[in-house]
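Protein chains: 2
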Amino acid sequence: MATTEDAFAGLGGAGLSSWRDGAAKQAIVEFVARVCGERGSEPVPVEERVAVFDNDGTLWCEKPMPIQLDFILRRLVEMAEADAALRERQPWKAAYERDYGWLSAVMAEHYAGDETNVKVLAGGILAAYDGISVEDFEAQADAFLRTAKHPTLGHGYLACAYAPMVELLAYLAANGFSNYIVSGGGRDFMRPISEEVYGIPRQRVIGSSSALAYTSNERGGTITHKAEADYLDDGPEKPIRIWSRTGRRPLLAAGNSNGDVPMLHFTQHHDLSSLRLLVLHDDGEREFAYTSGAEQALDQAASDGWTVISVKNDWATVF
Amino acid sequence: MATTEDAFAGLGGAGLSSWRDGAAKQAIVEFVARVCGERGSEPVPVEERVAVFDNDGTLWCEKPMPIQLDFILRRLVEMAEADAALRERQPWKAAYERDYGWLSAVMAEHYAGDETNVKVLAGGILAAYDGISVEDFEAQADAFLRTAKHPTLGHGYLACAYAPMVELLAYLAANGFSNYIVSGGGRDFMRPISEEVYGIPRQRVIGSSSALAYTSNERGGTITHKAEADYLDDGPEKPIRIWSRTGRRPLLAAGNSNGDVPMLHFTQHHDLSSLRLLVLHDDGEREFAYTSGAEQALDQAASDGWTVISVKNDWATVF
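Protein chains in written order, with the working numbering: chain V, 116 to 434; chain X, 116 to 434.
Please keep in mind that the hints were generated in silico from the structure rather than gathered at the bench.
Careful, some of the hints might be misleading.
[Said to hold, decoys possible] BS3-like, lysine-lysine: derived pairs with alpha carbons at most 27 Å apart:
#1 V:K234 - X:K341
#2 V:K140 - V:K178
#3 X:K178 - V:K341
#4 X:K208 - V:K341
[Claimed, not checked] Restraint-style ranges between C-beta atoms, simulated for each label pair:
#5 X:G238 - V:R401: 53 to 63 Å
#6 X:E333 - V:A274: 46 to 56 Å
#7 V:L273 - X:K427: 35 to 45 Å
#8 X:E333 - V:A344: 28 to 38 Å
Note that beta-carbon positions come from the ideal geometry of N, C-alpha and C, so glycine has one too.
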């Protein structure tokens with residue numbers, strides 16, 4: 116029974132029908148009830164109800180490769196088709212030859228702390244959009260996301276969002292939370308579809324970005340991508356970007372990999388309760404089973420008492 | 116008469132009682148009515164109603180020096196009092212000796228395109244807060260803004276906001292606009308007072324920032340200032356920061372100086388009407404009369420048909 120006049124009702128988990136009853140769902144429902152003042156505590160002011168979500172592997176599927184990587188590889192292939200010299204240089208060579216082994220090795224090296232080939236890949240990615248306007252980039256991302264299909268799941272990329280997480284976002288919004296995406300992926304890649312897929316408006320999408328340049332012209336000027344990174348929104352950069360955008364510490368954070376650990380640590384108040392969620396990909400039947408790149412996060416979850424969401428056990432439906 | 120079912124009423128200028136009837140007020144009221152669909156056009160979707168405001172000289176008084184410069188000079192004086200060697204180095208020397216001539220010369224050089232001493236000043240400013248946590252910095256800014264007095268106007272700094280602009284912000288908010296501060300001043304300097312003074316929540320404050328670092332600890336980690344700039348939110352950086360934060364072009368922009376010209380240019384849609392406002396400081400009686408640093412902006416206003424707001428003629432009250 117509500118003990119306060121909070122405008123939000125807690126809702127007792129209504130709307131979380133893709134979640135199976137269990138510890139994860141219970142932790143979510145009890146946390147939201149506490150935030151809304153239904154556990155005898157003061158309700159948390161609505162403006163403090165900030166929730167942050169990693170995207171790849173947390174809100175939508177990231178295997179066999181991150182969705183944005185597919186987008187980028189297609190662009191690299193286009194470039195290699197137009198310029199034969201690029202076919203001998205990485206990362207165009209791997210893209211042109213569909214050499215997924217090279218790309219997998221780069222990711223494995225990255226998780227092992229070796230950034231040499233990550234820099235080669237990043238250089239190619241940045242060169243791939245050098246000089247494009249932010250509007251044109253967004254139109255390309257939008258068209259790709261609405262037409263391209265996931266290579267194995269048999270549906271389009273927009274249907275790769277996890278149904279239970281989409282429900283969680285709506286449940287939090289109904290309880291006064293402001294949800295933000297805090298992704299290592301590209302901010303401007305996700306913006307055209309964030310409202311439709313997640314109910315998250317574009318001003319609440321935080322992600323990586325290339326450096327931008329502004330040029331005046333009589334039609335309102337143009338903002339274009341430069342061939343250099345502004346920042347990569349991963350690891351310790353995530354708390355910094357959350358602070359820069361919101362000016363607050365979140366009350367709830369959800370992630371799935373080592374790069375989310377600082378964001379989950381940062382989601383902590385001395386006077387308010389917080390909820391840290393970690394998605395565990397343990398369902399090779401309905402999705403993909405993997406813990407590579409999440410080892411440190413799983414250790415921290417165990418030692419710090421974060422709530423682990425098992426895809427296999429906690430989700431009645433995945434997509 | 117409203118021709119649509121827009122949720123917002125246009126309000127016909129109600130709430131703008133500090134504005135004198137005239138071309139500026141009329142331009143504002145007619146623009147808002149158009150946006151709300153009261154001039155026979157389709158109402159602009161609420162999510163597109165983004166309005167951006169420079170702060171120093173646009174929303175609050177920036178003479179005889181920007182309010183944040185007073186804050187910084189006091190810190191430099193403290194540092195010089197604690198360390199005699201600093202008293203021989205700029206900018207500590209000027210701060211310690213209250214040598215406002217040196218500081219004025221730096222600003223004059225800046226407007227003339229010479230950044231040599233601006234870099235000396237910026238180096239001092241960045242060193243002044245090296246290593247401070249964002250929470251401690253904000254507490255210091257908050258305490259200063261609530262206690263320090265303007266040197267000549269005879270009231271506290273929080274009362275240095277222009278009453279007609281505060282009314283304009285409320286009028287726009289009542290008509291479905293999301294107002295943002297887009298200041299060359301420090302983002303984290305303004306955040307603790309932006310809601311109270313302007314009704315603008317902290318996540319809608321865009322401004323300059325030093326580079327930040329995140330360090331983990333068991334109490335949720337700490338974000339601290341580094342002794343280097345992340346970016347200076349002025350000139351062509353303003354459109355870039357508006358895009359990065361909001362993902363949109365604004366519908367309305369207000370500024371007062373050359374550094375606002377790119378932001379005003381950027382406030383232009385091919386299919387929606389926009390309003391560009393330029394505050395002209397022409398009232399030496401009630402405030403300060405100056406056009407230094409605004410020459411290019413005034414030229415652009417004349418050639419592009421921006422709406423010039425005369426402090427002397429358009430504002431019935433200033434503070």
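The hints, checked one at a time:
With a C-alpha separation of about 25 Å, the suggested pairing of V:K234 with X:K341 holds against the 27 Å cut-off. Only pairs whose Cα atoms come within 27 Å are accepted, and V:K140 paired with V:K178 is accepted, the gap being roughly 25 Å. With a C-alpha separation of about 37 Å, the suggested pairing of X:K178 with V:K341 is violated against the 27 Å cut-off. Pair hint X:K208 plus V:K341 does not hold up; C-alpha atoms about 40 Å apart against a cutoff of 27 Å.
Checked against the given bound of 53 to 63 Å, the beta carbons of X:G238 and V:R401, roughly 57 Å apart, stay inside it. Checked against the hint of 46 to 56 Å, the C-beta distance between X:E333 and V:A274 comes to roughly 41 Å, which is inconsistent with it. Restraint check, V:L273 to X:K427: a C-beta distance of roughly 55 Å breaks the suggested window 35 to 45 Å. For X:E333 and V:A344, the hinted distance range of 28 to 38 Å is satisfied, since their beta carbons lie about 31 Å from each other.
The earlier numbered hints that this structure contradicts are 3, 4, 6, 7.
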